[in-house]
Amino acid sequence: MLEYGFMKYESVLFDLDGTLISTTHLYEQACIAGMRAIGLEFSSDDFKRLYPTGYSMAGWIVEKGGKAEQLETVRAARDVVYHDLLSTQSEFCPGALELLEFLRDHPTGVITNSWRSYLDAIHKKLAIYDHLKEIITADDMGDFYKPHPHGLLITADKLGANPEKSIYVGDQIFDLEAARAAGMTACLIYGPHSPKGAEKHADMVVESLAELQSKL
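The working numbering applies: residue 6 is where the sequence shown begins, and numbers increase by one.
Keep in mind the hints are simulated off the structure, nothing from the lab. Warning: the hint list may mix true and false statements.
Unchecked claim - Dumping the calculated DSSO-like pairs for lysine-lysine here, alpha-carbon to alpha-carbon at most 30 Å:
1. Lys53 / Lys13
2. Lys205 / Lys72
3. Lys205 / Lys220
4. Lys129 / Lys163
5. Lys13 / Lys205
6. Lys163 / Lys220
7. Lys220 / Lys69
8. Lys163 / Lys130
9. Lys129 / Lys53
10. Lys170 / Lys13
11. Lys201 / Lys53
Make a model of the complete structure from these sequences and hints.
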């Protein structure tokens, strides 16, 4: 593989939740609160089972015995809790800040199925916008959320990078599927919510962001 300065890749792209920022446990709390707002019991086990599937929140509601048209009520209740948690309790994953500093002068980006308002809340706590060149959220993707490659390709284009010479790092199967569909190197970083067998979808597997840094 060709070298780009001191790097192997023209751009280094990341998922957000569970990859760079430790937020998944906060999202779990918020989802439980959102479901309970319409009278549905939703446990930590329910979250751990459904979160890795990439199903929509409407699908979660229906599976738990609610109606899809209750989605907006659930979202509103969830987001009140989640915005507060993100702005007060979000933290960088181990090694994330050091890695982003290492990549300070290199094209970097985040592509996340999370909403821009979530990033705004995280920024209040961690100044996340100061550490990345491009950020693509669900607001920018239309109906083409991961595992569709749309967001990854948009980001590579904005950075002037060749997708085939870029790497995308995530902790979920749908991250890896999006990377492969975009023609990028699909890198799995194991997290607490990574599903079993995720490594089968990856071109590269790392146990930590520090290990990733050594391979870039």
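Results of checking the hints against the structure:
With a CA separation close to 35 Å, the supplied pair Lys53 and Lys13 exceeds the 30 Å bound. With a CA separation close to 35 Å, the supplied pair Lys205 and Lys72 exceeds the 30 Å bound. Our distance criterion of 30 Å between C-alpha atoms is met by Lys205 and Lys220, whose separation comes to about 19 Å. For the hint linking Lys129 to Lys163, the alpha-carbon distance of about 25 Å falls within 30 Å, and the restraint holds.
Under the criterion of a C-alpha separation no larger than 30 Å, the hint pairing Lys13 with Lys205 is consistent with the structure, at around 23 Å. Proximity of Lys163 to Lys220 is assessed by CA-CA distance (about 24 Å); at most 30 Å being required, the pair is judged to hold. Taken as a hint, the Lys220 and Lys69 pair is broken in the structure, with Cα atoms around 42 Å apart against an allowance of 30 Å. Simply put, Lys163 and Lys130 have alpha-carbon atoms about 26 Å apart, close enough for the 30 Å limit, and the pair holds.
Note on Lys129 and Lys53: the hinted pairing holds, with a Cα-Cα distance of about 27 Å set against a maximum of 30 Å. Only pairs whose Cα atoms come within 30 Å are accepted, and Lys170 paired with Lys13 is accepted, the gap being roughly 8 Å. As the CA atoms of Lys201 and Lys53 are separated by approximately 12 Å, the hinted pair is consistent with the 30 Å bound.
Hint compliance for this structure: hints 1, 2, 7 are broken, all remaining hints hold.
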